[in-house]
Amino acid sequence: MKKYPSASAYKNDRQSIVTIGTFDGVHIGHKAILKRLVETAKKENLDSVVLTFFPHPRMVLQQKSDIKLINTINERTQLLENTGLEHLVIHPFTHAFSRLTALEYVRDILVNSLKAKKIIIGYDHRFGRNRNADIDDLKEFGKTYNFEVEEISAKELDDVAISSTKIRKALNEGDIDTANSYLGYHFMISGEVIKGKAIGRTIQYPTANLKLKESYKLVPKNGVYVVQSLIKGKRIFGITSIGTNPTVGGKEKTIETHFLNFNEDLYGKEITIEFLKFIRDEETFDTVEILRQEIIKDEKFAKQYLQERE
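Numbering (this note's numbering), first residue to last: 914 to 1223.
Please note that a few of the clues may not be correct.
[Unchecked claim] Computed Cβ-Cβ distance ranges for the label pairs, DEER-style: (1) 1064 to 1098: 35 to 41 angstroms; (2) 956 to 924: 23 to 29 angstroms; (3) 987 to 1206: 36 to 42 angstroms; (4) 1108 to 1017: 49 to 55 angstroms; (5) 924 to 1108: 43 to 49 angstroms; (6) 995 to 1017: 44 to 50 angstroms; (7) 1177 to 1011: 46 to 52 angstroms.
[To be verified] The list that follows gives simulated cross-link-like pairs (lysine to aspartate or glutamate, DMTMM-like), each with its CA atoms no further than 20 angstroms apart: (8) 1108 to 1086; (9) 1216 to 1127; (10) 1028 to 999; (11) 1134 to 1069; (12) 948 to 1072; (13) 1031 to 952; (14) 955 to 1061; (15) 955 to 994; (16) 1145 to 1177; (17) 1182 to 1223; (18) 1030 to 1072; (19) 1079 to 1069; (20) 915 to 979; (21) 1213 to 1202; (22) 1056 to 1090; (23) 1031 to 957; (24) 1124 to 1053; (25) 924 to 999.
Keep in mind the hints are simulated off the structure, nothing from the lab.
Every residue, glycine too, gets a C-beta built ideally from N, C-alpha and C.
Could you put together the complete structure from these sequences and hints?
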């Protein structure tokens, strides 16, 4: 897959089939649409193109937006690559871009830049300044600029919307099973391992403290989870605690992972953690020793769960 930082950077003389969207999560609903895109491209001898935007439009147009996304832009890129897509255009979403008229958007972006011969789009797709154009307008533009519009059914779109909503809701409730079933893969977070307060070491449970780069990345609800990570090509399992460490008077939210049967130094390394199972909510314990006993139970739960998964 080739990727481009804007529509104008897309240099390709071949005609294309294009679909447009945020594709946050690249979940099973999205994959059905992307499968159709890729298969139609092969059948009709067109290049498959996804046009997506970054930052998310709400981040730009709503000053106080606190939107949290299932994927970072890097995760989204990797997941889209796995679908067999040929070209990914990540166009910068700016105020100036949002002011393009429907005509300018279709002519300059879809036709002149992306060479669209066919566009797969939802019946409720809106575009152009103030989002005042719809799929019927797009079909009219198609007559002028010689491209076809294929409509995604209401049911398919509903599946996409329901999936995204359910994934976010599930993650906010710690329901990893539901989130992963809609994603079709394990929900993940990535970041750099930084030095924490080293409290885990004092109770024989050292942890890797993860710092996320992207403030817009959705983090599951506070609690304890069974996770896995690929470190130096080897799958390592662990227990991740998300929360403020209330037992030791913590205030800031942290993401700390105790890896099972692993004690290498990870400081400064970039790692990805995949969530497998929710263990329990974050709790405040009367003493650090009671906390330690609870972590022993968490570890036992994790090992039992992993054994049953084999």
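Take the C-alpha atoms of residue 1028 and residue 999, compute the straight-line distance between them, and say whether it is at most 20 angstroms.
-> holds, 14 angstroms
Would you mind confirming whether the straight-line C-alpha gap from residue 1134 to residue 1069 stays at or under 20 angstroms?
-> This hinted pair is violated, its Cα atoms lying about 29 angstroms apart.
Is the hinted pair residue 1124 and residue 1053 satisfied, with a Cα-Cα distance of at most 20 angstroms?
-> Given pair residue 1124, residue 1053 is violated - Cα atoms ~49 angstroms apart, limit 20 angstroms.
Hey, residue 955 versus residue 1061, does the alpha-carbon distance stay inside 20 angstroms?
-> Distance ~16 angstroms between residue 955 and residue 1061 Cα, so the pair holds.
Are residue 1064 and residue 1098 spaced within 35 to 41 angstroms by their CB atoms?
-> violated, 28 angstroms
Given the hinted pair residue 1108 and residue 1086, is their alpha-carbon gap at most 20 angstroms?
-> Outside the cut-off at roughly 28 angstroms; violated.
Would you mind confirming whether the straight-line C-alpha gap from residue 1079 to residue 1069 stays at or under 20 angstroms?
-> holds, 15 angstroms
Could you tell me whether the CB distance from residue 1108 to residue 1017 stays inside 49 to 55 angstroms?
-> Since residue 1108 and residue 1017 have Cβ atoms about 50 angstroms apart, the given range 49 to 55 angstroms holds.
Are residue 1177 and residue 1011 spaced within 46 to 52 angstroms by their CB atoms?
-> holds, 47 angstroms
Has the given pair, residue 915 with residue 979, been kept, meaning a C-alpha gap of at most 20 angstroms?
-> violated, 31 angstroms
Holds or violated: are the alpha carbons of residue 924 and residue 999 at most 20 angstroms from each other?
-> Holds, because 13 angstroms separates the two Cα atoms, which is no more than 20 angstroms.
Between residue 948 and residue 1072, is the straight-line Cα distance small enough, at 20 angstroms or below?
-> Holds, at about 15 angstroms.
Violated hints, listed in ascending order, are 1, 6, 8, 9, 11, 17, 18, 20, 22, 24; each of the other numbered hints is respected by the structure.
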